[in-house]
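Colleague: Listed here are the chains, written in short residue letters.
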Amino acid sequence: MIKITINGREISLEKPVTVLEAAKAAGIKIPTLCHYPGLENYGGCRLCLVEVERMPKLQTSCTLMVTDGMVIRTESEEIARARRAMLEFLLINHPLECPYCDKAGECDLQDLTVQYGPPVGRFAEGKRKHPESFEDPLIVRNMERCILCTRCIRMCDGIQGASAITVTGRGNKSFVEPFSGGRYNCEYCGNCLTVCPVGAIMSRLHRHVYRAWQVEEKIKTLCPYCGVGCSMMLQVRADTILRTIPEPDLGINKGILCARGRFGYGYVHSPERLRRPMIRRTDRLEEVSWDEAIGYVSDRLRDIKARYGGEAIAGIASPRCTNEDNYLFQKLLRAGLNTNNIDSTVRNSIAVIQRYMEDVMGQGVTANIMAGILNSEAIITIGGDPAHINPVFGVKIREAFKKGVKVITVGYAPGLQRFSSYRINPYPFTEGMLLGVIISELIKKKGLSGENPSFEERIRSYNYPDRNGLSEICGLSFGDIEMVLQELSRLQSISIVIGPDIVTRTDMRSIIFLITALSYILNARVFILSDRPNEQGIIDMGCLPDMLPGERPVEIESFRHKFETLWSSSIPEKPGMTILEMVEAANSGKLKALYVMGENPVFNLPDGQFVRDALKKLDLLIVQDIFMNETAEIAHVVLPSLTWSEKEGTFTNLERRIQRSRKAITGQGMEDWKIISEIGKRLGLRMDYNSPSDIMNEISRVSPLYAGLTYDDLETEYNLWPYKGEPLRHKLGSGDWPLTDLWKPQRKDALYLMIERHMFLSGTLSRHSTALNSIYERPVARISPAVADRRGIKNGDLIRVKTDRAGVTLAVSIDKNVPDNAVLLSNNFVDSCALSMVPFRMDEETKVFSLNGIEVIIEKVGV
Amino acid sequence: MEIFLLKGIDNPDSATLEAYRAIGGYEGLHRALDMQPQDIIDEVRKSGLRGRGGAGFPTGMKWAFASADPKFPKYLLCNADEGEPGTFKDRVILEKKPHLLIEGMVISAYALKAEEGYIYLRGEYSFLKDTLERAIEEAYREGYLGNNILGKGISFNLHVHLGAGAYICGEETALIESLEGKRGQPRIKPPFPVNVGAFSMPTVVNNVETLSNIPYIISIGAEAYSRIGSKECPGPKLFSVSGHVRRPGVYELPMGTTLREIIYDHCGGIRDGRNLKAVIPGGISTPVLPPHKIDVPMDFVNICRFGSMLGSGGVIVFDETSCLVRVCYRASKFFEHESCGKCTPCREGTGWLSSILGRIEKGQGRKGDIDLLLDVTGNMSGKTFCPLGDGAAMVVQGFIKHFRDEFEEHIIDKRCRFG
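Protein chains in written order, with the working numbering: chain A, 1 to 863; chain B, 1 to 419.
Think of the hints as simulated: they come from the structure by calculation, not from any bench.
You may find that some hints are simply not true.
Unchecked claim - No farther apart than 16 angstroms at their CA atoms in a straight line, the calculated lysine to aspartate or glutamate pairs in the EDC-like style are these: (1) Lys367(B) - Asp413(B); (2) Lys29(A) - Asp111(A); (3) Lys173(A) - Glu144(A); (4) Lys231(B) - Asp272(B); (5) Lys367(B) - Glu125(A); (6) Lys403(A) - Glu441(A); (7) Lys362(B) - Glu377(A); (8) Lys7(B) - Glu27(B); (9) Lys57(A) - Asp390(B); (10) Lys3(A) - Glu21(A); (11) Lys333(B) - Glu125(A); (12) Lys367(B) - Asp405(B); (13) Lys189(B) - Glu40(A); (14) Lys173(A) - Asp157(A); (15) Lys57(A) - Glu78(A); (16) Lys182(B) - Asp157(A); (17) Lys367(B) - Glu320(B); (18) Lys218(A) - Glu646(A).
Bound conformation, chain B alone (with noise of 0.2 angstroms):
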């Protein structure tokens, strides 16, 4: 496959407009500006993208709401909150080709009609401001942003709003409050963003790996980019991978390309020659699948047939040296850590979760503990106001669906075997 969005990172220079350019940077807004705005749209839903931030909602169809709201201004927000443990994805674009994605933003403008944008930039990526304002910047100055982009009387402004390192404002609705200045807690949907968004206007928010797709489909047209990768969700993909590989990375491979041929082929197996324990494959919130589950295509679609998600595709792998029961109690403390406190299951039931898990995993663990988890993670599932809470119950879940035994052993011997 023909490498798109880490093309040209080698380059030292690669986040400079010339290098960007070199590289055939910013033909695709050339040809999307004769394009109409509908059909940009058009476009992007028949190229079949699913946002690449976790949710995998249709991004034509995103656009296609938005659009229909006759509401103006509309805004454009690119979501690059990267908080998902596991996940560095996003932060390559960011940093290595930024040009990319201010790009894939000014085509998403122009086929929206919006011309106010922000990249709602993660508390703790604040080393990565400069370099996108920099790139901003140039951008301007080479008319690619501005009021009169391209000579062709569009206008579109792009900003970069720091978070303050809350994981939640990576839930658009919080990500919109926290824009506006407020405490960065999910809103009541419906009304969704695409009509009732930031300032009360429509307002399409979208992932930054999403938003640097867009260049792409333009400049190989809808057809080509829907033949790459998964029939379902076809595209190039990015996947972070971390943990016990031989080569942990950012990896740009095909929608569907299985957990075993990421691992194994482009990682270069697990390190030191040991064996593979366990992998989570999308982000710490997805649940942890075992080893002979591994064959799974990585795709939004298929992988919920093997009792996981794609999520974020940051891959986490464990070899046959990790205890699960603290990956799991620290999996279960980021979620305390990170609850908002908004909504009573997920406040109160992150909270217990970990406590219960930090007994065990320190070998006070309790007959019927384990039962009392799964009761606790039920009691949340599907009950809380946005997915944080889900998540939180769903890791647990996995894990003690998986490797029941560990955690007994735990709690019967009183102590971790890994020390």
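So that you can see chain A by itself, here it is in the shape it has in the complex (with noise of 0.2 angstroms):
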């Protein structure tokens, strides 16, 4: 225990703490600038000095740690006389333009200079010049602001990691500059602007728009790009969102964003937006009044389920939208519609390994705390960069990293390239070859556990590949793994992040069964990324073919009639189709009437053109979305729905946590839930719900897994898997589907296509997006440094690439991360979807696209 006393105030303290933290938790408030919570301490402003009895100067309060008996004063005649100091010398160069400055009104130095500062400044001399720079697209920096606090760079530094800005030049002629010069090449989180006391760095997006005290409303609500969950407050002004900001106690991401958080939301107020419901007449789409357009859509539902039954009518949902819109769009397909056939594009990531694992591991193995990554000692990722797949959640790792603990990277992870023990990079998608010389090696080395029998007996049964075959099928040697094996079999606190690109493969059952074998002999810690808001509740809320809310199997007769009772109205017994059994049924005339919600298959869905194609001989296409995309181009009716910011509902992130997202301006559409009641009770089921709130009501009833929660309770730890309800109790299962041979090369010389996932872009909304595709601005080919030193490309030559399908014209990005022997596309660009050149296969068993084995020819047509 240490005792000292701050202004006669004797204080205890448990641990030892700097003084500002002392005082801090005494209420003692002691002006600050360069200290910002989170940050490695700098003492470089000077601002905090304070009074310690027997040091004869005045000390930094925020570099100056307790001891027991110190004797602190905090506000003293020559304290007071030291912050006025302070604050002449920061004002002789800081100009004095807080009248057409941004950040007055919350700006530290302006409210800091009110207080303590001197009436008049005494300097007489010329000022600092130095032009404000604009060559950057997001971020403008006027350093003759800056007062080199550094914060910005101790969090870019120190916190994200992209280590992107420094100080150049010395003492007063000292400005904050990327080591890239005038342009940023960063990864545009933004956390500078969050962390910039003046207005030295500043976003352009929000330029001279508004003043602080303008901010009409301050709304705490979630990012609506990813999996992770972040928390930010939305500032609004006239119903139009000013900036996102994330605050230091809210939420799991504590105080930072990424470039799609910071900077996304712009797709908001894209005058792009749908507006109005539209009907197809003749061939065109036409506006209509909303009661026409749900009126319409229900008639034809019902002749459609009258004339061919439930089953030619499917359903997709979107995981983008909320737990309560799901939950309603799968309650009007099997309650008001009579079939299961629902699904959505979450099948292609985390639905199909989160089953299988949680089969063999039990329900809610993947449901970790991602802060709890931090207790790891070693973290293995693999089938996707989680830095940007899920970039905060990748701050996490690198900051495990940072600690000591053994990162270990499979494949490409440029993210995670500094913050890395081991970086194994085998051929693309040759990663099943490497996981069974692992898993064999460590059946040796650790042996199994004995927890789950019948699994074990089909770990120990597999035909494990021969250790030779690293080389010649991964390009590895095995001494590239030797020391991760080493690790792995020493460790005892590992953590495994897998990809959503591990998936998409011909050879998925056998890869899924390898990377479980992998975690349950490691008896690792699983996070699955997750690129989109919602689709854990996706799964949750039974928007899958054969499972119910709250995932209970749609073919267990009590589990159904329980849901029947509750719903009023009989559910198939039969499992539904999944999303490319729907095409392939809409293709064979099976399938009359498919509505989509916030999805866009013919984009997002491997040859856009054969599904466009199939697509189009349904007798109903749905649409609900929030923009025209490919797929709304061939519907026969468009609803405009609303986005994140215009509704309430919650998302569940990728570690089952239930969020609260909040409406925070008013759109021109309507609310996914509501158009699906709307068409609801206009086929005659009771859909009468005044809010989400009511249906997350409804869900607490009808779910198991939710029971008895309410809105308020997702303040509390209740919003954290189980919830207040039992999770599905079962026995563990062998994880018994049929495997498959492990995908090889066919050639050695071959080029196969891999699909980019990138942190400024999500392929959907970012593409409204001005403010991310203006950092991204075009899509780029990314190959190798061997492949085009081969073929002799040069970075920004133009190349055409080809598949059978289909090909495009891209410049080149050498890049060191891609594995040697793929070509890295993006499909995020409207004219250049990566996905279209692949064929439509699916997996029999699991009914995934793969995308895998997709040779691709490139051939350099310019410079």
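Put the two chains together into one complex, using the hints given.
Modeller: Have a look at this one:
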């Protein structure tokens, strides 16, 4: 116990902290500028000076640790004089242009000057001049205003890990600049903007648009982009989002955001937003009233159901919509239209792998708290780059690495390049072989626990590849993984971070078996990356052809019966069609009506041309979206819905945390849940909800997993799985789906297509964000230096990339993180959809599409 | 007094191993390796040696701190960032007797159980890099460096690291930052380098001259050494004397020699028969002294009574034709240029001071400027992150204290009498 005296008050402290922290705990305010919670202490601004007995000089409270018996004074004439002096010094070179500086009103320097500063400055010499930099599309730098607190640099370096900026020059000619010069070459997390105390670095998105005191509302909500579920404050004025800001104490992201969250909100105000419902008349979509549109949709659905039965109708749910939207969506299909034909693109990412792992290791095995990854001794990432797919989770992994955790990346992971102990980069799509060798070695070194005998039987009986295969198939040597094997057999607490790209393979069942086996053998904490905000919610809400809400199998009579009673309607026993089966059924004419909510199958499924042709055969294609897209263009009815900021609801993040997303502005469409309930009502369903909270109340009545859960609970610890309800208890399964041979490259010198997932882009919303498009302007083809060398291609050259299906001409970006023999293409740009170059294939068992083994031919067509 | 540090420098080949050995070089090392490391530390402590870089911290105590830290590896850094204006004493050793420094470092490393060492050489001394590296190469060849020194199984590897021209990197933590490849700026202390230094490991940073004293202490013993010069801080001291004296240069004299002796006995007095006007005793950041104070004994302790500091021992002498306002302005320009920018009072204060002084010097001074200067320096003093800002303030305060008339004359006459 440390006893200190501050301003005459005795305070006891458990552990040594800085004088500043001790004062704060005691409710004593010491003014600071360069200090910022969470950042490394700096001691540069000298504003937090205090008097300490037996120390001759004033001390900076942010750097001085308390010691037992210390006597501190935070207010005295000398301290006041020193604070005045520091502020006078800071204002020497800081331009007094508050009247036209956007920061005025929320400027730390301004506030401190008002409170502690001199009444008038005595500086009568010339001020420093430095031109304002507009070279960057998103961030404007005004280095005359910079007070060199270096909060931005310590954020960029110490927290984000981007290390993109530094102080250049010296003394009073020091300026904060990106290493890249004028334009930033960085991760555009914008976290530097959050911490800048003055108007030195600011977002250009709201430059000269408003002043801090003109913000009408600050709404606590979530980021709509990925499955991390970061909290943010939306600042709003006149029904317009002014900016998104994280707060140090808020949510799981604790004061940071990524590029998408920070700068990507502009799509909400895009002029291309759909505003009025449309119905196809002859060959054109024409605007109609809501009443007409809803009437038309329900009449047509009723007709088709009457004529062909519920099995001719299907729905595609959306991982970008809320739990409430998705719950109602599957209820409409099951209870209103008598079909289990409900699925989503989540099938092709987390749904299948989570199902398998839960079968073998128990429900909730992937429900791990992200911050808990810091307690690992080693982290393995495979199947995607966490720093790109879930950037803020990626920052956590970087933090773990800096703490000394061994980070092992498998495959393309540029965002962890400087934060990994071991980087294993096999040839594209050959991770299965690698996993096989690792597992067979680990079984020898570690043995098996005996927890799930039937799965262990499977692990034992698997025919593991020979380690010599590593060099031939993966392009690796045993030496490349020897150290990793040693670490894995030695360490006790291991996390596995699985990316969605591991799923979309022709050999996915074997790969998922192997990853599960690895997780099982290592007794690892599992995280599955999720690049859309509500992928978990889709699963939990029953937007699956074989699962009711709460992950209750539809085939089990007792579960079905319960829902039938509560919904007063019968539910078919037979599981419905999966998303790719729906497309095939549309093509064959078996499917007559498809209701697509917040999804774009023509763009987001392979072979867009085939999907488009198939969907065009439907009698009724309903697309409910916020933008006109490739699928909406061929729809019979287009229903404009609302963005996340225009409605209430909940999202379930990748750690299975349910969080509230709140309405901040009023949009011109209709809430998804409301559209569905209007249609439902006309189809005779009881859907008289006043708000999403009513829907959550119903969910908590019908889903045993959510029993008794209310919106109020979501502000408490009950927002994390297993909530208040009961997880499904079941016997651990043996994961006995039929395995296939692992995929091998057919030809040694072939190049294979890979789809890029980039931290700036999400493919759907980001396409309409001018800000995000300004930092990733054009699609590029990324290739490894070795491939570039062999083909005589230079950075920026134009190449033609062709599969047997389609081709595209792109500029080349040479990237040393790209696996050899791969061409990495983006699927985020309208005219160069990489998925359209992939054939429409699906796994027989899981009905997941596959992206591996697509040979591409590249040729240089220009420079 | 017997000359030790500068012994043999008149030999044109003094930098060679051969010449160094001819004057008894490396004998101290042989003797040291027969001692226990702790005994060497005790010996240095008993000798009373204080750091010659400027702060005068007891070397033995610094070593004892580092030695007591259980972490390994430990590092030994030689601060050869001799950037203090008016100081060129280390340069003589680096240029003429690099083996003396190397021998001192090997003994020190052995005492500290450090196996890796760096000589952080100021960027402007890049022309000495070859000399140093040649000497290091010779030392490796003869087994004075390497992994089996003199066949005793002791390791010490030595590297030269060139700075990039920042005065602040003479501050030991900024030096370490720079050595690690970062921007040269001082670190928060504590932790001190003896516990968390280079690459976060226990590190001793000693000045060139300090390390060069070690072989002497080992050769003649702490007892004999402690009888040289001042009682409070014994030993030989290098004084680099520049300015208006007849014979400027580097002089090895016992600690405590008075300024008067240095100027008049050793340097031949003021040139051209003029009178002494002012003297800066220890490099530009030590306060100036007027002629009536030159009986000050030059050591770390006694000089404080005279209102200045020994600093690096860079004595700058001004005769009656010098404009001290201009000297003060030039000094403040230097601090403005060299302020690293980390802390507010130094970054902004140094610039403010030099702007005001520049105006006064150009005849554009205003009434109240002198009080403003004093107030600004008062606002800097004791509030800066490291001593650079304190020095900048102290220098201006010193000139105004002793030569206020001259500042006032500039402001009133709006011109400088010296042109």
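Colleague: If a hint holds in the structure, say so; if it does not, say that too.
Modeller: Each hint tested on the structure:
Distance check on the hinted pair: Lys367(B) and Asp413(B) sit about 12 angstroms apart at the alpha-carbon level, within 16 angstroms; holds. With a C-alpha separation of about 14 angstroms, the suggested pairing of Lys29(A) with Asp111(A) holds against the 16 angstroms cut-off. Taking the CA atoms of Lys173(A) and Glu144(A), the gap is about 10 angstroms. The hint holds against a cut of 16 angstroms. For the hint linking Lys231(B) to Asp272(B), the alpha-carbon distance of about 36 angstroms lies beyond 16 angstroms, and the restraint is violated.
Restraint check for Lys367(B) and Glu125(A): the C-alpha separation of about 15 angstroms stays at or below 16 angstroms, so the hint holds. With a C-alpha separation of about 28 angstroms, the suggested pairing of Lys403(A) with Glu441(A) is violated against the 16 angstroms cut-off. Restraint check: the Cα-Cα separation between Lys362(B) and Glu377(A) comes to about 66 angstroms, which exceeds 16 angstroms; the hinted pair is violated. Note on Lys7(B) and Glu27(B): the hinted pairing holds, with a Cα-Cα distance of about 15 angstroms set against a maximum of 16 angstroms.
Distance hint between Lys57(A) and Asp390(B) is fulfilled; the C-alpha atoms sit about 12 angstroms from each other, no more than 16 angstroms. Our distance criterion of 16 angstroms between C-alpha atoms is met by Lys3(A) and Glu21(A), whose separation comes to about 14 angstroms. A C-alpha spacing of about 15 angstroms is found between Lys333(B) and Glu125(A), which places the hinted pair at or below 16 angstroms, so the restraint holds. Between the alpha carbons of Lys367(B) and Asp405(B) the distance comes to roughly 13 angstroms, so the proposed pair stays at or under 16 angstroms and holds.
As the CA atoms of Lys189(B) and Glu40(A) are separated by approximately 14 angstroms, the hinted pair is consistent with the 16 angstroms bound. Distance hint between Lys173(A) and Asp157(A) is unfulfilled; the C-alpha atoms sit about 22 angstroms from each other, more than 16 angstroms. As the CA atoms of Lys57(A) and Glu78(A) are separated by approximately 11 angstroms, the hinted pair is consistent with the 16 angstroms bound. Using a Cα cut-off of 16 angstroms, the hinted pair Lys182(B) and Asp157(A) holds, with the two alpha carbons roughly 12 angstroms apart.
For the proposed pair Lys367(B) and Glu320(B), the alpha carbon gap of about 26 angstroms is over 16 angstroms, so the pair is violated. Restraint check for Lys218(A) and Glu646(A): satisfied, since their Cα atoms lie roughly 14 angstroms apart, inside the 16 angstroms limit.
In terms of the numbered hints stated before, the structure departs from hints 4, 6, 7, 14 and 17, listed from lowest to highest.
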